[in-house]
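Since the structure of chain A is provided, determine the placement of chain B on it from the hints.
Listed in order, the protein sequences are those of chains A and B. Sequential numbering of the first sequence, starting at 1, is according to the UniProt record's numbering. Sequential numbering of the second sequence, starting at 1, is according to the UniProt record's numbering.
Certain hints may be false.
Using 20 Å as the maximum straight-line C-alpha spacing, the simulated EDC-like pairs for lysine to aspartate or glutamate come out as follows [claimed, not checked]:
{"id": "1", "chain 1": "A", "residue 1": "Lys-210", "chain 2": "B", "residue 2": "Glu-122"}
{"id": "2", "chain 1": "A", "residue 1": "Lys-171", "chain 2": "A", "residue 2": "Asp-8"}
{"id": "3", "chain 1": "B", "residue 1": "Lys-55", "chain 2": "B", "residue 2": "Asp-114"}
{"id": "4", "chain 1": "A", "residue 1": "Lys-45", "chain 2": "A", "residue 2": "Glu-130"}
{"id": "5", "chain 1": "B", "residue 1": "Lys-137", "chain 2": "B", "residue 2": "Glu-122"}
{"id": "6", "chain 1": "A", "residue 1": "Lys-210", "chain 2": "B", "residue 2": "Asp-178"}
{"id": "7", "chain 1": "A", "residue 1": "Lys-45", "chain 2": "A", "residue 2": "Glu-110"}
{"id": "8", "chain 1": "A", "residue 1": "Lys-210", "chain 2": "B", "residue 2": "Glu-62"}
{"id": "9", "chain 1": "A", "residue 1": "Lys-45", "chain 2": "A", "residue 2": "Asp-118"}
Hints listed in this document are in silico derivations from the structure and should not be mistaken for laboratory results.
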Amino acid sequence: MIEFTFWDILRNLVFATRWTLLLSLAAFAGGAIVGLAILSARISKTRWPRSFASGYIALFQGTPLLMQLFLMFFGLPMLGFRIGSWTAAVCGLTFYASAYLAEIWRSGVEAVPRGQWDAASSLGLHRLLELRLIILPQAFRITRAPTVGFLVQLIKSTALASILGFDELLKTANAINNATFEPFKVYGLVAVIFFALCYPLTQYARFLEKKAAFG
Amino acid sequence: MRYSLDFNWLWDGMGALAYGAGTTLALTVSTSVLGIVLSILGAAARRGPYPWLRKVVGLYVEIMRNTPFLVQLFFIFFGLPSLGIRLDPITAAVLAMTLNMAAYTIEVVGAGLDAIPRGQKEAAQALGLRPRLVFFKIILPQAIAIIFPALTSQIIIMMLESAVVSQISVRELAQEADLLQSRTFRSFETYLVATLIYLSMSAALRRLLFAGKRRFLGAGLA
Chain A
1 MIEFTFWDIL
11 RNLVFATRWT
21 LLLSLAAFAG
31 GAIVGLAILS
41 ARISKTRWPR
51 SFASGYIALF
61 QGTPLLMQLF
71 LMFFGLPMLG
81 FRIGSWTAAV
91 CGLTFYASAY
101 LAEIWRSGVE
111 AVPRGQWDAA
121 SSLGLHRLLE
131 LRLIILPQAF
141 RITRAPTVGF
151 LVQLIKSTAL
161 ASILGFDELL
171 KTANAINNAT
181 FEPFKVYGLV
191 AVIFFALCYP
201 LTQYARFLEK
211 KAAFG
Chain B
1 MRYSLDFNWL
11 WDGMGALAYG
21 AGTTLALTVS
31 TSVLGIVLSI
41 LGAAARRGPY
51 PWLRKVVGLY
61 VEIMRNTPFL
71 VQLFFIFFGL
81 PSLGIRLDPI
91 TAAVLAMTLN
101 MAAYTIEVVG
111 AGLDAIPRGQ
121 KEAAQALGLR
131 PRLVFFKIIL
141 PQAIAIIFPA
151 LTSQIIIMML
161 ESAVVSQISV
171 RELAQEADLL
181 QSRTFRSFET
191 YLVATLIYLS
201 MSAALRRLLF
211 AGKRRFLGAG
221 LA
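Chain B on its own, in the form it takes in the complex:
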């Protein structure tokens, strides 16, 4: 079989792919913010005073880490409506991605919090700072600087996994590529271009995050 690559469709498909890439980025950003907030709460609960809450969070982490993301997504999108909870595809995607990401980052954030010496907290308290300020101004920034590389990888992994939400027809990059190839009959080229876009997005995101870290958290830490 002779086959020659044909990229003529690309010019017309550019807009759709750019829109899809934008949606992928929006999903990644909202998931990262929600997921990190959730994992700070989860890590706090894991170290909190209530044994039942510690157990519940532990169980949640185990369940999420030992089942496929695609199954979690289908359970939320197709399964929850039978309990009367009906979600539109984007909400279901953000919910599934956030819950999945948090299960991985709860441990990461927790490890960061544990790595800060007790003396830091005591010193801050000695200065008369209120407990909340001690946490947000002294403990958390240092913890985040320590876990930054792990957090960055997790954000990028989540962006790559988000390709799967095309299966509940969220119009992100993979779904736009799907729609394009069914119109152009150029599946290989379309998926190749989409893959290269993902590759450049993950490289760019990594650089951007590390540049942001140097700007806001300083290069000296960790």
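Pulled out of the complex, with its shape left as it was, chain A reads as follows:
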């Protein structure tokens, strides 16, 4: 048994938090890009992209994230890509986030008044350009609160990357726990750190929601 003071444990955990943050940011950025593609397929006028997008969303919202990550971790090498736990975690969380973000933003697109579409097409714009210039900015504004809410969900989900062996906060905690045998303290601190990351965002989402409710 190695001697770890309370500060040693805390310092190591706080250092590991940067990987949790980086993973969250990468997954959110990736999820936003893929999510936009899924969103535009979901609201397309042609039938097959629409059914593809709804199948995609149903698949990722109807299965456990843990299984999605495992499939990514074991499936990509099968296609000939040799990947580490970082790539697998980023890819898995990206697809997961894209399905949720596409669905959240679609609710925003549907909340944009019909007249906005009509006005946009009367300007003679291409449909994708209508979407980008006129509809999406309004849809994003409407769905700011649930988007921030989902970011909290995503930060919490990065803890699953520890199971793939990626050295984020929880994996580091497991390692420290194996050395110190102080699970109560170690996992308690991990919970405190996650809380410190998520709670401000939760409060911000609540603030946005209130602001939206009062116009």
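Structure of chain B alone, referenced to chain A:
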């Protein structure tokens, strides 16, 4: 690298996967029942006469909603024994899932209770019903009908999150898939089959719950 899918192991693995799926369902059902009971109590406490109790429940909801389920599970399973509370994996899993789910459903149930007009309570009291009957016969069924879609989603989310309890070696679906792939060396196929089982379970559960709602709460409400 050439790789061809091989599902020959599936025939032998069927029993294990079915057992795992059964455990997953049992976890989901017990968690849903316990979680909903707990959240009715929590929602009542949130609206109750004791300020300290309102604060405690509020704090509990915030803590659970802002920390990962996996961390809560590890804290309960690995952390509590150092306080002298030793739980077997299944108990720890049900406890963690129930506590986690309740944090989300307390707000949902509360919103449902708030949505019932005061007049319903007054009308029921005017009929001479006792307060408990007013709550259970008049208020609660209407509230549940209103929040039913949100409750259904929460139950399904909990079923999907339960895959994580494989990490404390509860033998549910994800854990059985884990054990199978370490025997067959067919990780991709095993997890693919397990994922498809989860997908069909969540679709089936949603249908079943909505069919049950129509049967017991009526289609007209909400």
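* **Violating hint indices (sorted, rising)** => 1 and 6
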